[in-house]
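Novice: The residues making up each chain are set out below.
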Amino acid sequence: MATTHKLLQFKQPAKSYDVVIIGGGLHGLATAYYLARYHQVKRIAVLERRYIGYGGSGRNTEMVRSNKRAHETLPFYKESLAMWDGLSAELEWNLMVQKKGIIALAHSDPELAAMRMLSDSQRRAGIKIDMLSPDEIKKMVPSLDTSDRPALPIVGAQYHPEGGTVHHDAALWGYAKACGRLGVDICVGVEVTGIRIGEGRATGVDTNAGPIAAGKVHAAVGGYSSEIGRMIGMKFPVQTIPMQVMTTEVMKPFLDYYVASPRLHFYTQQTLKGDLILGGPLDAFQSWNSYTTWEESADRAFKIVEYFPDLAHVRVVRSWSGLCDCTGDSAPVMGGCGIDGLSLDIAWGYYGFKSTPASGKYSAEYIATDRMPEKIKPFALERFYNRQPVREIIL
Amino acid sequence: MAFLINCPNCGRRNPYEFTFGGECKHAPGQGADMKAWCEYLFFYENMPGFQDEWWYHAMGCGEWIKIRRNIATHEIVEV
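Heads up: the sequence lines are chains U and A, in that order.
Using the numbering used here, read the first sequence as starting at 1 and increasing by one per residue.
Using the numbering used here, read the second sequence as starting at 1 and increasing by one per residue.
Just so you know, these hints were derived from the structure itself, not from any lab.
Treat the hints with caution; some may be incorrect.
[Unchecked claim] Listed below are the simulated DSBU-like cross-link pairs for lysine-lysine, each with C-alpha atoms no more than 35 Å apart in a straight line:
(1) U:K377 / U:K128
(2) A:K66 / U:K303
(3) A:K35 / U:K375
(4) A:K35 / U:K235
(5) U:K177 / U:K252
(6) U:K177 / U:K139
(7) A:K35 / U:K78
(8) U:K235 / U:K252
(9) U:K377 / A:K25
(10) U:K375 / U:K78
(11) U:K177 / U:K78
(12) U:K235 / A:K25
(13) A:K25 / U:K375
(14) U:K252 / U:K78
(15) U:K15 / U:K78
(16) U:K6 / U:K273
(17) U:K139 / U:K100
(18) U:K99 / U:K139
(19) U:K377 / A:K35
(20) U:K138 / U:K375
(21) A:K66 / U:K235
(22) U:K78 / U:K99
(23) U:K235 / U:K100
Make the full structure from the sequences, and use the hints.
Specialist: Written as structure tokens, this is what we have:
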């Protein structure tokens, strides 16, 4: 039922704020929420040049999980995954958190061995992980072809029961609404054109709605992070690469789990509505263009039909792509960048959605206290200058 | 496909035949400090405009070619 009162009132930006957050996506809104709620920062603005959730926040495949290997980053992802649980109650908004479990398929013995190694690292960090045999997989996902027919048959799988999905638009509006209640100004259509720096300190931003003074500036701009770098005369260790996603028509429920294949780079889930979301690898080349191509769609379709032969004549209804800013070590960049009062929350590649609550929480902590929280220390920008990238093997 | 690459050996070909080699970066010379080397290794211009970049024609002539492409619009001006 449609409600008669507005969920959220967008504002015109005022002349000055304590904290200005660039980017009205999930990370930006989450940071604003934790700043206002837990750090009692009064005057916060979130500036978004298009509409909230235009970028990666509305273009991801809604998967939440804790699937990394590097021991220094696992506690962060584990906490983020756990934070989704209480979030619906906290934000007073149903985020449709559905921890249905993720099955990651292995197609060869060496891959299975690597997966066991990965599982051991994750178990040591306290994440629940089980290994499955093809028979067990078949019981859980009867529509999956576990026979020898595919060119790369399924020989086992890793099962991550705490992983699942969260509705990304619900999460976005949950945070936005909570921000609105806490008095955060969410300004859409306000494009930041420059960052003002005086005496080595960020003092505000220039926008198409005039200059805005700010005690602190926080950049949570997703795939567009290098533009922020150019405003302050820096390069960032990222390449922007699109990822394409497509969804099928609505079907009756048949797939209870999120099924992924790390080796073949495809993953699929059936949403609560009944359509399948088909995700895949990053595109093969760098681009700032949100296009979709026949080759990538055909590749996804081929892989899905290879393992779900019953889906052969299901129609695809939509496809889209989103921009991912990827670092070489598959870890984000958080914290400072050498300029006082300017903090970053960028380079999330295609693991940004699942990290939303924890990244918002720790970005807010960093902004409020000027101290780098322990859990995001491995994500500091200095790691690239110290030649100590995160030792991550998962892309 | 998003665009075509005019390979000097093979003609206009689908970009998925190629392996993307990233933007052309210039290695700092001998005696450069470690910061310059780290920037060379890890950092990118990543500019939504024209950039020089390397492509390897894996499913064609097997040559590395250098093209100038607008990464926001995919317009290629020079091969």
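Novice: None of the hints should be skipped; say for each whether it holds.
Specialist: Going down the list of hints, with the structure as the test:
no.: 1; hint: U:K377 / U:K128; in the structure: 24 Å, holds
no.: 2; hint: A:K66 / U:K303; in the structure: 32 Å, holds
no.: 3; hint: A:K35 / U:K375; in the structure: 26 Å, holds
no.: 4; hint: A:K35 / U:K235; in the structure: 12 Å, holds
no.: 5; hint: U:K177 / U:K252; in the structure: 32 Å, holds
no.: 6; hint: U:K177 / U:K139; in the structure: 41 Å, violated
no.: 7; hint: A:K35 / U:K78; in the structure: 33 Å, holds
no.: 8; hint: U:K235 / U:K252; in the structure: 48 Å, violated
no.: 9; hint: U:K377 / A:K25; in the structure: 29 Å, holds
no.: 10; hint: U:K375 / U:K78; in the structure: 11 Å, holds
no.: 11; hint: U:K177 / U:K78; in the structure: 26 Å, holds
no.: 12; hint: U:K235 / A:K25; in the structure: 13 Å, holds
no.: 13; hint: A:K25 / U:K375; in the structure: 33 Å, holds
no.: 14; hint: U:K252 / U:K78; in the structure: 32 Å, holds
no.: 15; hint: U:K15 / U:K78; in the structure: 39 Å, violated
no.: 16; hint: U:K6 / U:K273; in the structure: 25 Å, holds
no.: 17; hint: U:K139 / U:K100; in the structure: 15 Å, holds
no.: 18; hint: U:K99 / U:K139; in the structure: 19 Å, holds
no.: 19; hint: U:K377 / A:K35; in the structure: 20 Å, holds
no.: 20; hint: U:K138 / U:K375; in the structure: 38 Å, violated
no.: 21; hint: A:K66 / U:K235; in the structure: 22 Å, holds
no.: 22; hint: U:K78 / U:K99; in the structure: 14 Å, holds
no.: 23; hint: U:K235 / U:K100; in the structure: 40 Å, violated
In summary, the numbered hints that this structure violates are 6, 8, 15, 20, 23.
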